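Student: The residues making up each chain are set out below.
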Amino acid sequence: MSERRIIRNISIGDLARYKLPVPGVLSILHRISGALMFLVLPLLLWLFDLSLRSELGFGHLRSLAANALVRLVLVGLAWALLHHLCAGVRYLTLDLDLGVERQAARRSAWIAFAVSGLLSAWAALAIFGVL
Amino acid sequence: MPIGPRRLVVGAHYGLRDWIVQRGTAVVLVIYLVLLAVMVAAARPIDYDAWASIFVPIGMKIATLIAFVSLAYHAWIGMRDIWMDYVRPTGIRLVLQLATILWLAGCLVWAVQILWKV
Numbered sequence: 629m630s631e632r633r634i635i636r637n638i639s640i641g642d643l644a645r646y647k648l649p650v651p652g653v654l655s656i657l658h659r660i661s662g663a664l665m666f667l668v669l670p671l672l673l674w675l676f677d678l679s680l681r682s683e684l685g686f687g688h689l690r691s692l693a694a695n696a697l698v699r700l701v702l703v704g705l706a707w708a709l710l711h712h713l714c715a716g717v718r719y720l721t722l723d724l725d726l727g728v729e730r731q732a733a734r735r736s737a738w739i740a741f742a743v744s745g746l747l748s749a750w751a752a753l754a755i756f757g758v759l
Numbered sequence: 010m011p012i013g014p015r016r017l018v019v020g021a022h023y024g025l026r027d028w029i030v031q032r033g034t035a036v037v038l039v040i041y042l043v044l045l046a047v048m049v050a051a052a053r054p055i056d057y058d059a060w061a062s063i064f065v066p067i068g069m070k071i072a073t074l075i076a077f078v079s080l081a082y083h084a085w086i087g088m089r090d091i092w093m094d095y096v097r098p099t100g101i102r103l104v105l106q107l108a109t110i111l112w113l114a115g116c117l118v119w120a121v122q123i124l125w126k127v
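Protein chains in written order, with my numbering: chain A, 629 to 759; chain B, 10 to 127.
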């Protein structure tokens, strides 16, 4: 075992030097992505409404989504959903007592990052019309 | 706090029910997303008619509504956890929790209205 500095009751000043392990980063991003989707829920419902309201609304949505900035926002939301989904599936497996050991948990955190990253990249290409 | 064999029986749920509901609703949402992805993939190329006709059958309306209810409950538990973790003053926390419930209830009613217009 390598020497580890024991940090208890860390103060704000310690935060900059505190290195969060990969599962910790995954976890806080899971929380942030969840809170983000909660906040933009009315926006998503508005888009859903627009898409189903009429042929005209659907076309309006199409022209909205032609804007590069809107596309960027959509990519961000796609990432939030995919990250939340992948990290969430990992939590469900942890709840089943699978991969609870430190090494296995770190590996599965990396896998969750890799899968959600790949899916997000695919979503980004689709949103920007490359695919 | 007396937990384990010495726990006080106070009629509270000790968070276990919400813990399970959060997992259950998560599974519902994964299944619904896969279902929706398959239906969208099958309906390609997606124009208005193809997209709207996905949500016309009553079965899909019910499935989507169940997904929305699951989403609201799931988000409520998650946001409640966030408020409990970061907001200590009880008054502010209760206001935020009430606002969360109203926010989600409003979204749910809107979702019903959107779905049943198609």
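None of these hints come from the bench; they were simulated from the model. Please read these numbers as outputs of a predicted model, since none were measured by experiment. Be careful, since some hints might not be right.
As the list claims (entries may be wrong) - Covered stretches of chain B (in silico footprint by chain A; criterion: 3 or more residues with CB under 8 Å from a CB of chain A, positions within the stretch not fixed):
hint	stretch
1	35 to 41
2	44 to 52
3	59 to 70
4	111 to 122
Yeah, the Cβ is synthetic: ideal placement off N, Cα and C, and Gly gets one too.
Student: For each hint, tell me whether it holds in the structure or not.
Tutor: Status of the hints after comparison with the structure:
1. 35 to 41: Since three or more residues must qualify, the claim that chain A covers the stretch 35 to 41 of chain B holds, with 3 doing so at under 8 Å.
2. 44 to 52: Per the Cβ count (0), the hint is violated.
3. 59 to 70: holds (count 3)
4. 111 to 122: holds (count 6)
Violated hints amount to a single one, hint 2; each of the other numbered hints is respected by the structure.
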